[in-house]
Amino acid sequence: MIGIDVVAIRRIEDLSEHARKRIFHPEELAQAERSPRPGEFLAGRFAVKEAFFKAVGNGMKTLSTQDVWTTRGEHGEPVINLSSKARALTGGRTVTLSISHDDPVAVAVVLISGGNDGAF
Numbered sequence: 001m002i003g004i005d006v007v008a009i010r011r012i013e014d015l016s017e018h019a020r021k022r023i024f025h026p027e028e029l030a031q032a033e034r035s036p037r038p039g040e041f042l043a044g045r046f047a048v049k050e051a052f053f054k055a056v057g058n059g060m061k062t063l064s065t066q067d068v069w070t071t072r073g074e075h076g077e078p079v080i081n082l083s084s085k086a087r088a089l090t091g092g093r094t095v096t097l098s099i100s101h102d103d104p105v106a107v108a109v110v111l112i113s114g115g116n117d118g119a120f
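Going by the numbering used here, the sequence shown opens with residue 1, and the numbers climb by one from there.
These are calculated hints, taken from the structure and not from any lab test.
Incorrect hints may appear among the rest.
[What the hints assert, rightly or not] With a straight-line Cα cutoff of 27 Å, these simulated DSSO-like cross-link-like pairs (lysine-lysine) come out:
| hint | residue 1 | residue 2 |
| --- | --- | --- |
| 1 | K85 | K21 |
| 2 | K54 | K85 |
| 3 | K21 | K54 |
| 4 | K61 | K85 |
| 5 | K61 | K21 |
Given these sequences and hints, build the entire structure.
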């Protein structure tokens with residue numbers, strides 16, 4: 001299963017503080033504060049959420065945007081984190097992602113692979 005999303009960076013930059021706190025996980029907001037380009041950073045994280053929802057097919061109906069968040073691995077690579085509800089939608093499969101930014105947009109790809117159901 002694969003999901004792809006493109007987000008206008010400006011759209012995220014224009015969000016109110018209240019909206020940011022509703023959409024983003026506290027760890028994502030903390031990372032954005034340390035970023036030289038917080039709007040770009042958060043646009044990429046929002047694209048990951050949307051791409052994950054697309055990959056699982058019905059995520060928006062059963063999950064909150066805070067059920068999916070991105071942190072950094074030991075080498076700086078993006079790592080997807082899932083609540084137990086979000087993890088259940090993957091069927092225990094491996095979830096990997098890629099994020100890219102090129103003003104005026106950020107894009108993310110989420111791949112859910114593995115398992116015994118013949119998926120990838």
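Cross-check of the supplied hints:
1. K85 x K21: The given pair, whose Cα atoms are some 20 Å apart, holds under the 27 Å limit.
2. K54 x K85: 15 Å, holds
3. K21 x K54: 22 Å, holds
4. K61 x K85: Holds: K61 and K85 sit about 12 Å apart, inside 27 Å.
5. K61 x K21: Cα-Cα ~20 Å, so holds.
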